[in-house]
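Student: Please build the complete structure, drawing on both the sequences and the hints.
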Amino acid sequence: MENRKVIYYQDELNDEFSTAQITPRVIDETYQYEHGVIWNVCSYLMQNVFSMPIKVGYLKLKFKMKYIGKEKIKPYRKQGYFIYANHTQAFADTFIPSVGNYPKRNFLIVNPENVSIKFAKTLIEMLGAIPVPGNKTAMKHFLEQIEQRIKKNCSITIYPEAHIWPYYTKIRPFKEVSFKYPIELETPTFCMTNTYQAYGKKKDKIKMVTYIDGPFFASTTQTKKERQKELRNQVYQCMVERSKNSNIEWIVYRKVAKENDTLAV
Numbered sequence: 001m002e003n004r005k006v007i008y009y010q011d012e013l014n015d016e017f018s019t020a021q022i023t024p025r026v027i028d029e030t031y032q033y034e035h036g037v038i039w040n041v042c043s044y045l046m047q048n049v050f051s052m053p054i055k056v057g058y059l060k061l062k063f064k065m066k067y068i069g070k071e072k073i074k075p076y077r078k079q080g081y082f083i084y085a086n087h088t089q090a091f092a093d094t095f096i097p098s099v100g101n102y103p104k105r106n107f108l109i110v111n112p113e114n115v116s117i118k119f120a121k122t123l124i125e126m127l128g129a130i131p132v133p134g135n136k137t138a139m140k141h142f143l144e145q146i147e148q149r150i151k152k153n154c155s156i157t158i159y160p161e162a163h164i165w166p167y168y169t170k171i172r173p174f175k176e177v178s179f180k181y182p183i184e185l186e187t188p189t190f191c192m193t194n195t196y197q198a199y200g201k202k203k204d205k206i207k208m209v210t211y212i213d214g215p216f217f218a219s220t221t222q223t224k225k226e227r228q229k230e231l232r233n234q235v236y237q238c239m240v241e242r243s244k245n246s247n248i249e250w251i252v253y254r255k256v257a258k259e260n261d262t263l264a265v
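So in my numbering the end of the sequence shown lands on 265, straight run, no missing numbers.
Keep in mind that the hints were calculated from the coordinates and are not lab data. Incorrect hints may appear among the rest.
To be verified - Straight line, CA to CA, 27 Å or less: simulated BS3-like cross-link-like pairs of lysine-lysine:
id : residue 1 : residue 2
1  : Lys5      : Lys244
2  : Lys202    : Lys5
3  : Lys72     : Lys151
4  : Lys205    : Lys64
5  : Lys74     : Lys136
6  : Lys60     : Lys72
7  : Lys229    : Lys136
8  : Lys60     : Lys5
9  : Lys207    : Lys140
10 : Lys203    : Lys5
11 : Lys152    : Lys140
12 : Lys55     : Lys152
13 : Lys72     : Lys207
14 : Lys72     : Lys229
15 : Lys244    : Lys224
16 : Lys224    : Lys140
17 : Lys207    : Lys66
18 : Lys70     : Lys55
19 : Lys225    : Lys64
20 : Lys229    : Lys140
Tutor: In structure tokens form, the structure reads like this:
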């Protein structure tokens, strides 16, 4: 492919390449994680009824979206579980888990920026956003919300890479901190690995193929910290293997050495 965009990075854990410039709100004890019956009914309709044709249409038209492995989550449709996915699209990543997971209701753990847009905040919350808290009091409500959604047999999606790298074809290293939730709540864990694959006569067009894998469980004979790390490693290794199915780079990422700002070898 000629004239591909090149992005230079230094830190796989912390560099962010989303084009959105949003000042995040503080998620403190005043943030309302829990809502009333009417709000929840409207949220369900927004998540799983009204928005679904838009989600499916967008993914099909823009990415020729295909899922492989949906049958792996079917036996768990009557219980809650967690999904981990690689973060490569600012907009589509809010759609991919809920479409691949349908008809289960899906929620997403998001950064505060996602609920900081004044005129879109309520809609984003209704579509399933659960923002990361900013203090201990808010953390209590955040954890209660996660537990409640799991008990109601919903799924919760987490992007452990945290930062958006558009069209990135590998898996960035991520920490095990977010894997404490399925360990503490004793739930199955799945992963969705988004890959980019070429199609067309000249193989110059790009489609997205998402692989669903799991369930993953950590050993019950270890400490919570050890189980958390084990679960993270299972998911990470699976995602790394699946990412090898990407065979086209829409955007090229090149690492730059921090010391002298030259390309790392």
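Student: With reference to the structure, classify each hint as holding or not holding.
Tutor: Status of each hint after checking the structure:
For a cut-off of 27 Å, the pair hint linking Lys5 to Lys244 stands: about 21 Å separates their Cα positions. For the proposed pair Lys202 and Lys5, the alpha carbon gap of about 19 Å is at most 27 Å, so the pair holds. At roughly 20 Å between alpha-carbon atoms, Lys72 and Lys151 fall within 27 Å of each other, so this suggested pair holds. With a CA separation close to 10 Å, the supplied pair Lys205 and Lys64 stays within the 27 Å bound.
Restraint check for Lys74 and Lys136: not satisfied, since their Cα atoms lie roughly 36 Å apart, outside the 27 Å limit. The hinted pair formed by Lys60 and Lys72 meets the criterion: a straight-line CA distance of about 22 Å does not exceed 27 Å. Note on Lys229 and Lys136: the hinted pairing holds, with a Cα-Cα distance of about 24 Å set against a maximum of 27 Å. A distance of roughly 24 Å separates the Cα atoms of Lys60 and Lys5; the hinted pair therefore holds under the 27 Å criterion.
A hinted pair counts as satisfied when its Cα atoms are at most 27 Å apart, and Lys207 with Lys140 does not qualify at roughly 40 Å. Taking the CA atoms of Lys203 and Lys5, the gap is near 18 Å; set against the 27 Å cutoff, the hint holds. Between the alpha carbons of Lys152 and Lys140 the distance comes to roughly 19 Å, so the proposed pair stays at or under 27 Å and holds. For the hint pairing Lys55 with Lys152, the CA-to-CA distance comes to about 23 Å; that is within 27 Å, so the pair holds.
With a C-alpha separation of about 22 Å, the suggested pairing of Lys72 with Lys207 holds against the 27 Å cut-off. About 23 Å separates the Cα atoms of Lys72 and Lys229, which keeps this hinted pair within 27 Å; it holds. Under the criterion of a C-alpha separation no larger than 27 Å, the hint pairing Lys244 with Lys224 is inconsistent with the structure, at around 31 Å. Under the criterion of a C-alpha separation no larger than 27 Å, the hint pairing Lys224 with Lys140 is consistent with the structure, at around 19 Å.
Taking the CA atoms of Lys207 and Lys66, the gap is near 8 Å; set against the 27 Å cutoff, the hint holds. Distance hint between Lys70 and Lys55 is fulfilled; the C-alpha atoms sit about 17 Å from each other, no more than 27 Å. For the given pair, Lys225 sits about 40 Å from Lys64 by alpha-carbon distance, which is inconsistent with the 27 Å threshold. With a C-alpha separation of about 23 Å, the suggested pair Lys229 and Lys140 falls inside the 27 Å cut-off, and the hint holds.
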